[in-house]
Amino acid sequence: MLQVENMTVRFAGLSAVSDLSFQVSPGEIFTMMGPNGAGKTTAFNAITGFVRPASGTVSYKGVSLLGRSPDQIAGMGIRRTFQNNGILREMTVLENVLTGLELAIPHTFWRTVAGLPGARRAERRAVAQAREMLARMGIADLAERNAGDLSFGQQRLVEISRALVAGAELIMLDEPAVGLSPSDRHHLAGVLRGLAESGIAVVLVEHVQDLVMAVSDRILVLNYGKCLAEGAPDAVRNNQAVLEAYLGHE
Amino acid sequence: MADSCKYKRRLAWLLLFVALALLPLGVNNYVQFVINTMLVYCLAALGFNIVIGYLGQLAFANAAFFGIGAYAAGLAMARLDLAFPLALAVSAIAGGLAGGLVGMPALRVRGYYLAIVTLAFGELMRWFYVHADGITYGAGGFSPPPPTWFGAPLNETGKYYVFLAVLALGVAATQHLLKSRIGRAFVAIRNNEPAAASLGIAVARSKVVAFAWSGLIVGLAGGLYALLNGRISPDTFGLAQMLMHFAIVMIGGLGSLLGSILGAVLLTGAPELLRNFPGLEEIVFSLLLMVVLFFMPRGLGGLIADRIPAVRERLYRE
Numbered sequence: 001m002l003q004v005e006n007m008t009v010r011f012a013g014l015s016a017v018s019d020l021s022f023q024v025s026p027g028e029i030f031t032m033m034g035p036n037g038a039g040k041t042t043a044f045n046a047i048t049g050f051v052r053p054a055s056g057t058v059s060y061k062g063v064s065l066l067g068r069s070p071d072q073i074a075g076m077g078i079r080r081t082f083q084n085n086g087i088l089r090e091m092t093v094l095e096n097v098l099t100g101l102e103l104a105i106p107h108t109f110w111r112t113v114a115g116l117p118g119a120r121r122a123e124r125r126a127v128a129q130a131r132e133m134l135a136r137m138g139i140a141d142l143a144e145r146n147a148g149d150l151s152f153g154q155q156r157l158v159e160i161s162r163a164l165v166a167g168a169e170l171i172m173l174d175e176p177a178v179g180l181s182p183s184d185r186h187h188l189a190g191v192l193r194g195l196a197e198s199g200i201a202v203v204l205v206e207h208v209q210d211l212v213m214a215v216s217d218r219i220l221v222l223n224y225g226k227c228l229a230e231g232a233p234d235a236v237r238n239n240q241a242v243l244e245a246y247l248g249h250e
Numbered sequence: 001m002a003d004s005c006k007y008k009r010r011l012a013w014l015l016l017f018v019a020l021a022l023l024p025l026g027v028n029n030y031v032q033f034v035i036n037t038m039l040v041y042c043l044a045a046l047g048f049n050i051v052i053g054y055l056g057q058l059a060f061a062n063a064a065f066f067g068i069g070a071y072a073a074g075l076a077m078a079r080l081d082l083a084f085p086l087a088l089a090v091s092a093i094a095g096g097l098a099g100g101l102v103g104m105p106a107l108r109v110r111g112y113y114l115a116i117v118t119l120a121f122g123e124l125m126r127w128f129y130v131h132a133d134g135i136t137y138g139a140g141g142f143s144p145p146p147p148t149w150f151g152a153p154l155n156e157t158g159k160y161y162v163f164l165a166v167l168a169l170g171v172a173a174t175q176h177l178l179k180s181r182i183g184r185a186f187v188a189i190r191n192n193e194p195a196a197a198s199l200g201i202a203v204a205r206s207k208v209v210a211f212a213w214s215g216l217i218v219g220l221a222g223g224l225y226a227l228l229n230g231r232i233s234p235d236t237f238g239l240a241q242m243l244m245h246f247a248i249v250m251i252g253g254l255g256s257l258l259g260s261i262l263g264a265v266l267l268t269g270a271p272e273l274l275r276n277f278p279g280l281e282e283i284v285f286s287l288l289l290m291v292v293l294f295f296m297p298r299g300l301g302g303l304i305a306d307r308i309p310a311v312r313e314r315l316y317r318e
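Those protein sequence lines, which keep their order, are chains A and B.
Residues in the first sequence are numbered consecutively from 1, following the numbering used here.
Residues in the second sequence are numbered consecutively from 1, following the numbering used here.
Among the hints, erroneous ones may be present.
Straight-line Cα separation of at most 25 Å, SDA-like style, residue types lysine to any residue; simulated pairs [what the hints assert, rightly or not]: (1) B:Lys179 with A:Leu195; (2) A:Lys61 with A:Ala143; (3) B:Lys6 with B:Asn229; (4) B:Lys179 with A:His207; (5) A:Lys226 with A:Gly13; (6) B:Lys179 with A:Gly13; (7) B:Lys179 with A:Lys226; (8) B:Lys179 with A:Met1; (9) B:Lys179 with A:Lys61; (10) B:Lys8 with B:Ala202; (11) B:Lys6 with A:His207; (12) B:Lys6 with A:Ala143; (13) A:Lys226 with A:Leu195; (14) B:Lys6 with A:Pro117; (15) A:Lys226 with A:Met1.
Footprint (simulated), chain B over chain A, 3 or more residues, beta carbon under 8 Å [as the list claims (entries may be wrong)]: (16) 27-39; (17) 61-74; (18) 100-106; (19) 208-220.
No lab work stands behind these hints, which were simulated from the structure alone.
Idealized CB from N, CA, C, for every residue including glycine.
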């Protein structure tokens, strides 16, 4: 589904990601781990069109993503969240999720301006879809709240709802568990498993090891922009190089 | 409960409509002129608020759009002999095109740089009005022919109904736009541009659309201004005009349609009340601006919305 081959990203001559290769299949939870500055978010940004790789290829369902803008990549069914909270703070939760349906609401500019019934019907359908997504995520009661007033954990769930509402087939979550309480983490783990069971591919960047080990099908550990290890959670947990560079000896 | 709210809202709109329709019966010609001026500035502020309030771009081309609209309507009447409704359509189109053009730099520059670029555009337009006298009648300006309605001159009351209808259409169309995915895209860009792009929002296109719609509405306001004043000259569309629009939007409230209207009514009405007290107008104007910025950062629109939830502006309302 997602195929990254020999991807290198450089900033001012320094390699933030070097020769990175991996692939993700439908229904799989694939996690990138590594210390701060290892290049995880840079890899995310390169895949989703925010940064252009210096070399290598990135393709989704056989179609190259290189040279495409973030909104075009979103239109192909890849949605992401942000490490430093990509919530739209001044909007309500419902409006946030409706924004995720940007590409799914059919409209023509002049029909919208004239307020014709077709445009209003499309809007009502979108609202019903957004409410349904909020209900699936267990946050329907927050719909009318201002997103900026929610707890960090709730904002993360809103971001995930927004990313999923348009029927994304690949979702990339950048540190979704940071700042979450243990119960919120437990809820998030359930949500992630549910997504994978429904056939959605999940790519995670995450530091919270209990969550990563509990939900991931495969883990890739990055260090200084390079792949240090890749494999099933148990194999990675016991990998000597990973223990020395990142997880630490117990 | 919902039905009762809907009924009350409809009743409020009906009462407002009747009051506005009957308003000219109780005022003299001078007061009518002041009210007409308010309507022009309501529309101008509404258009300006789209870019600075909803899209969150520090762009100051509104005086330029206002001038372009005024010149387009005036020249259409003076040089092409067009009837005023067609001249107004020309002013809207000219403003919209100028808006789209000014939106292009906003794709590359932002913040103070965008402010300077857009201010420079305004000055460039003024230079054009002064020096392209073969088209614009030069520095002295010109007087377009008085607007007529089925052969009869349009008096202040007639202008009032035309202006009111144009404002109502402008408000309704802008509200439809802002409460659709297009308006949500504007606010999403203001809130978090990378997040907006990651949701499939074409940021560049949305910015150009916002600028073009803003230009269209402000251009239309400029067209009304040409009808209102009957005199168009380059010095009307300078920095003072820009500051007037800016003060209206800041006092009314960024990102508030209601605020745009309240700000325009206050700032065009207050000077008339203070006309007999020389010097006081500027002091009151400055104090008002400071008080609002210190104590009501969301302006009058925000203040009212906080107290009356029914008028709170949402990008979606069931």
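The hints, checked one at a time:
no., hint, in the structure
1, B:Lys179 with A:Leu195, "violated, 31 Å"
2, A:Lys61 with A:Ala143, "violated, 34 Å"
3, B:Lys6 with B:Asn229, "violated, 40 Å"
4, B:Lys179 with A:His207, "violated, 39 Å"
5, A:Lys226 with A:Gly13, "holds, 16 Å"
6, B:Lys179 with A:Gly13, "violated, 45 Å"
7, B:Lys179 with A:Lys226, "violated, 46 Å"
8, B:Lys179 with A:Met1, "violated, 36 Å"
9, B:Lys179 with A:Lys61, "violated, 35 Å"
10, B:Lys8 with B:Ala202, "violated, 39 Å"
11, B:Lys6 with A:His207, "violated, 50 Å"
12, B:Lys6 with A:Ala143, "holds, 21 Å"
13, A:Lys226 with A:Leu195, "violated, 28 Å"
14, B:Lys6 with A:Pro117, "holds, 18 Å"
15, A:Lys226 with A:Met1, "holds, 22 Å"
16, 27-39, "violated (count 0)"
17, 61-74, "holds (count 4)"
18, 100-106, "holds (count 5)"
19, 208-220, "violated (count 0)"
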